[in-house]
Structures are given as C-alpha cells and as structure tokens.
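> Next come the chains, spelled out residue by residue.
Protein chains: 2
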Amino acid sequence: MVLIAMTESLGSTARTRVRRLPEKAATDRSALHEVLDAGLVAHVAVTDNSGPNGAAQPYILPVAYARDGERVLFHGSTGSRLFRSLADGAPTCFTVTLLDGLVVARSAFESSMNYRGAMVLGTSRMLPESEKEAALERITEHLMPGRWKELRAPKRKELAATVVLSLPLTEASVKISAGGPDDDPDDLDAPVWAGVVPLHEVYCDPTPATNLAPGIDVPDYVRRWRR
Amino acid sequence: MVLIAMTESLGSTARTRVRRLPEKAATDRSALHEVLDAGLVAHVAVTDNSGPNGAAQPYILPVAYARDGERVLFHGSTGSRLFRSLADGAPTCFTVTLLDGLVVARSAFESSMNYRGAMVLGTSRMLPESEKEAALERITEHLMPGRWKELRAPKRKELAATVVLSLPLTEASVKISAGGPDDDPDDLDAPVWAGVVPLHEVYCDPTPATNLAPGIDVPDYVRRWRR
Chain X
1 MVLIAMTESL
11 GSTARTRVRR
21 LPEKAATDRS
31 ALHEVLDAGL
41 VAHVAVTDNS
51 GPNGAAQPYI
61 LPVAYARDGE
71 RVLFHGSTGS
81 RLFRSLADGA
91 PTCFTVTLLD
101 GLVVARSAFE
111 SSMNYRGAMV
121 LGTSRMLPES
131 EKEAALERIT
141 EHLMPGRWKE
151 LRAPKRKELA
161 ATVVLSLPLT
171 EASVKISAGG
181 PDDDPDDLDA
191 PVWAGVVPLH
201 EVYCDPTPAT
211 NLAPGIDVPD
221 YVRRWRR
Chain L
1 MVLIAMTESL
11 GSTARTRVRR
21 LPEKAATDRS
31 ALHEVLDAGL
41 VAHVAVTDNS
51 GPNGAAQPYI
61 LPVAYARDGE
71 RVLFHGSTGS
81 RLFRSLADGA
91 PTCFTVTLLD
101 GLVVARSAFE
111 SSMNYRGAMV
121 LGTSRMLPES
131 EKEAALERIT
141 EHLMPGRWKE
151 LRAPKRKELA
161 ATVVLSLPLT
171 EASVKISAGG
181 PDDDPDDLDA
191 PVWAGVVPLH
201 EVYCDPTPAT
211 NLAPGIDVPD
221 YVRRWRR
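Keeping their order, the protein sequence lines are chains X and L. Start counting the first sequence at 1; every next residue gets the next number (this note's numbering). Start counting the second sequence at 1; every next residue gets the next number (this note's numbering).
Misleading hints may appear alongside valid ones.
Facing chain L, according to a computed beta carbon distance under 10 Å, are these residues of chain X, among others [what the hints assert, rightly or not]: (1) 47; (2) 111; (3) 198.
Per the computed footprint, the stretches of chain X lying under chain L, defined by three or more beta-carbons under 8 Å from a beta-carbon of chain L, are [said to hold, decoys possible]: (4) 29-37; (5) 50-61; (6) 67-73; (7) 114-126; (8) 162-169; (9) 212-221.
Calculated directly from the structure, the hints in this document are not laboratory data. Note that the Cβ used here is the ideal one computed from N, Cα and C, for glycine as well.
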C-alpha cells in the first residue's frame with residue numbers, strides 16, 4: 001500500500017489532523033486539488049437540533065460542485081431548509097471520496113479499499129446575485145466541460161431560485177490509499193489469491209433525449225468526457 | 001425524468017420526509033434495500049462540539065458497510081474518536097449515493113445528475129464481541145462475495161481492535177432520479193444536443209499482489225464481481 005504523509009501545508013488543525021492511519025494523509029495542496037477536481041459529487045454535512053431531546057442531528061446532502069482556486073462552490077435550492085442553514089453559517093463538513101479499488105488481502109482484517117478522500121471543514125458563504133452566474137458556469141464546466149458556451153444564459157428567476165455556496169479550502173485533509181494488500185507476515189503462506197481489483201467510473205455512450213430534433217449529433221466535447 | 005413517489009412505508013417522519021422534489025422519493029422498502037445493496041461505500045455523519053465557540057460541528061466518514069435485513073452494519077477502529085462517539089449513541093446520518101449519469105439538458109438550470117440515494121437517520125449500536133465475527137462476514141461478503149470462506153477466521157486481537165456498529169432502517173428515505181432531461185418547453189427549439197451520459201462503475205482486471213506465490217490463479221468468484 002502506498003501511503004502519503006501529511007504536513008501543515010493544508011492548514012492542519014486539531015480537527016483535521018489525521019489521527020487514524022496518519023501515513024495515509026497526503027502531503028500537499030496539489031493532492032487536495034487533484035481529488036476535488038476528479039470528483040463529480042460531494043457529500044456535505046449540516047447539523048440541526050432535530051435529534052432526540054433536541055440533540056444535534058447531522059444530515060448529509062449529496063451535491064454537485066466545482067473547485068474554484070482555493071474554494072469549492074456548490075449549489076442547492078432556496079427552498080431547502082438545510083441549504084438555508086448552511087447559508088446562515090452553520091459549520092459544515094464537505095467530503096469527496098473516490099473509490100479506486102478493492103484490496104483483497106489474505107485476511108478479512110487487512111482487506112480494504114483503495115480510495116482518495118478529501119475533507120474540508122469550515123463555514124460556507126452564500127454568493128450574492130452578482131457572483132452566481134460565474135459560479136454556476138464553473139460548476140457546469142466541472143461536470144460537463146465545453147457545455148456552458150452552448151447554453152443560453154441563466155434566467156433571472158433561475159438564478160433567484162438557486163443558492164450558491166462557497167467554502168474556503170483553509171482547513172482540509174486528504175487521505176490516499178493505494179497499492180496492494182499489506183498482509184500480516186504470518187498470512188503470506190496461505191494458499192489464497194491476494195491482490196487488487198481496480199474500480200473505474202466509465203462514461204457510457206450518450207443517449208439522446210427522446211424529444212431531440214433530428215440532425216443534432218452528439219458534440220465532440222461530450223464524446224471527450226472522461227474517455 | 002422518471003421519478004418515484006414516497007409513502008409512509010419507510011417510516012417517513014418530519015425529518016426524513018422529502019421536502020425538495022418529493023416526486024423523487026421512492027415508494028417502498030425494496031427500493032431502499034436495492035440502493036443499499038448496490039453501494040460499496042457509505043458516508044456517515046457524526047457531530048461534536050468542535051465548531052466555533054463550541055458550536056455543533058459535523059464530520060463525515062466514508063465507511064465499508066453491508067445491509068443485514070432491516071439494519072446496516074459498518075465498522076471502524078476502536079482508536080477512532082468519531083467511531084467511539086457513534087458507539088456512544090450520537091445521532092447519525094448514514095447515506096449511500098449511486099451516480100447513474102449526467103443529465104445534459106438544454107439549460108444549465110435543468111442540467112443535473114441521475115442518481116439513487118438512500119439516507120438513514122438514527123442512533124447506532126455497538127455490537128458485542130459475540131456478534132462481531134458474523135457482522136464482519138456480512139460486510140466482507142457484501143464487498144467481496146465468495147471471499148469469506150477462503151480466509152482464516154479473524155484473530156481475537158483483530159476483533160478487539162474493530163468497532164462494528166449497527167443502525168436500524170427504521171427512519172429512512174430514498175430518492176431516485178432517472179431518465180432524460182426535463183427541459184423548459186421554451187428551450188426545446190434550441191439547436192443544442194440534449195440527453196444523458198450514463199455512468200457505470202467498472203471492475204477492472206484483478207492485479208495480483210507482488211508477493212503472491214506462483215501458481216495461485218485469480219479465483220472464479222473474484223472474476224464474477226460486478227462484471
């Protein structure tokens with residue numbers, strides 16, 4: 001297993017210092033950027049007081065997002081109670097997890113998954129109307145590179161219905177687990193296969209909308225998405 | 001876009017009722033089971049008081065898991081502070097998100113992702129030593145079907161180092177978004193391609209461990225994983 005150690009360069013704090021398996025924490029900011037740039041969906045947590053007897057109850061929202069320099073941008077609906085809570089400054093945790101493979105060891109204990117994971121803690125800020133369109137372009141281009149220029153501009157009512165949040169990458173951690181199984185030496189003689197089954201997210205052939213007008217081909221930029 | 005509506009059968013409460021796009025909430029318990037059975041990794045949230053001025057701060061942990069009837073099982077290390085907090089009964093949110101495609105609409109506003117998402121709220125319980133081995137078998141077989149019988153039994157010290165948590169599926173929601181773009185009628189004449197780019201997680205060819213003894217072939221059960 002290839003493991004990467006952590007430094008203070010990611011703004012390590014008592015909250016983000018990697019306590020478990022610290023050798024899995026990646027060293028530098030570029031590793032954080034690479035994980036964030038490779039993901040399609042993030043999971044964002046927010047807490048309210050709906051737990052038993054008013055206890056803190058966390059919720060997790062899957063969101064589309066994009067990295068924009070030293071911040072991540074993500075959006076939701078103005079009608080979402082949890083998004084409003086995030087916009088009001090509730091502390092959040094933003095994570096991107098990329099699964100890279102099943103690590104098939106000679107014991108259940110050492111069997112695991114290869115992954116790249118980023119975690120960002122902090123407080124998000126709601127973007128003003130004037131910054132929303134550029135942020136939505138960034139998110140659209142992260143998920144669908146080349147698409148924005150083909151589309152009409154967002155309508156004012158569409159922008160008004162969208163909350164765009166920005167979270168700075170000031171307090172973050174990255175864990176990367178890669179390579180083969182790390183078996184107990186006592187298990188190496190077991191007559192059992194061991195190795196890695198890599199996992200890969202594949203973009204399949206585009207399916208046209210049922211109401212697509214005849215003669216409109218799949219654009220080249222769509223064909224290039226993660227092939 | 002094919003959307004599935006929600007009933008009370010999943011134990012809908014004020015906390016899990018799908019407020020946003022309720023037509024995306026799936027109707028029945030089998031949909032919940034299917035999403036949980038199809039996932040490899042879950043994201044689990046837990047809250048502590050490490051936010052600014054002691055505010056509630058959520059954290060998200062990616063975990064391996066398995067469904068076991070009407071509960072999910074997941075494991076972590078006894079050394080993890082957040083796992084100990086979950087074991088102590090901190091309210092949690094357990095989510096599985098499966099990305100099925102990019103929905104390429106004729107506007108950025110209607111562009112989205114197809115996905116299947118399950119969310120379970122509640123309080124997890126730490127399994128006693130006597131139940132741990134069966135639970136680890138369940139998790140191993142969920143991720144690596146056929147593997148458990150090939151492996152030696154867990155050692156006592158391995159079981160002691162592992163926290164296994166159980167969360168009942170009593171309060172849960174499922175959202176399923178599928179099908180093509182749902183464009184504004186005004187946009188249908190735009191001379192731009194629209195449709196879906198399906199996403200699919202592929203298991204690549206197994207890579208043997210560098211220290212694998214000669215003559216041990218990849219087992220048939222490994223070759224069958226999600227092909």
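> Given that the region 29-37 of chain X was listed as covered by chain L, double-check it with a C-beta distance under 8 Å for 3 or more residues.
Violated, because only 0 residues of the region 29-37 of chain X bring their Cβ atoms closer than 8 Å to Cβ atoms of chain L.
> Could you check if residue 111(X) really has its C-beta closer than 10 Å to a C-beta on chain L?
Constraint on residue 111(X) satisfied, holds at 6 Å.
> Under 10 Å, Cβ to Cβ, is where residue 47(X) needs to be relative to chain L, so tell me if that hint holds or is violated.
With Cβ-Cβ at 4 Å, under 10 Å, it holds.
> Apply the coverage criterion to the region 50-61 of chain X and chain L: a residue qualifies when its Cβ sits closer than 8 Å to a Cβ of the chain, and three qualifying residues are needed.
holds (count 9)
> Would you say the region 162-169 of chain X counts as covered by chain L, given the rule of at least 3 residues with C-beta under 8 Å?
n = 1 at 8 Å, threshold three: violated.
> Quick one: see if chain L covers the region 114-126 of chain X, three-plus residues with Cβ-Cβ under 8 Å.
holds (count 5)
> Go check the region 212-221 of chain X versus chain L for me, would you? Three or more residues, Cβ under 8 Å, otherwise it fails.
That given contact holds, which follows from 6 residues of the region 212-221 of chain X lying within Cβ reach (below 8 Å) of chain L.
> Taking the closest Cβ pair, is residue 198(X) under 10 Å from chain L?
holds, 4 Å
> Under a C-beta cut-off of less than 8 Å, do 3 or more residues of the region 67-73 of chain X approach chain L closely enough to confirm the stated coverage?
Since three or more residues must qualify, the claim that chain L covers the region 67-73 of chain X is violated, with 0 doing so at under 8 Å.
Hint violations for this structure: numbers 4, 6, 8, all remaining hints satisfied.
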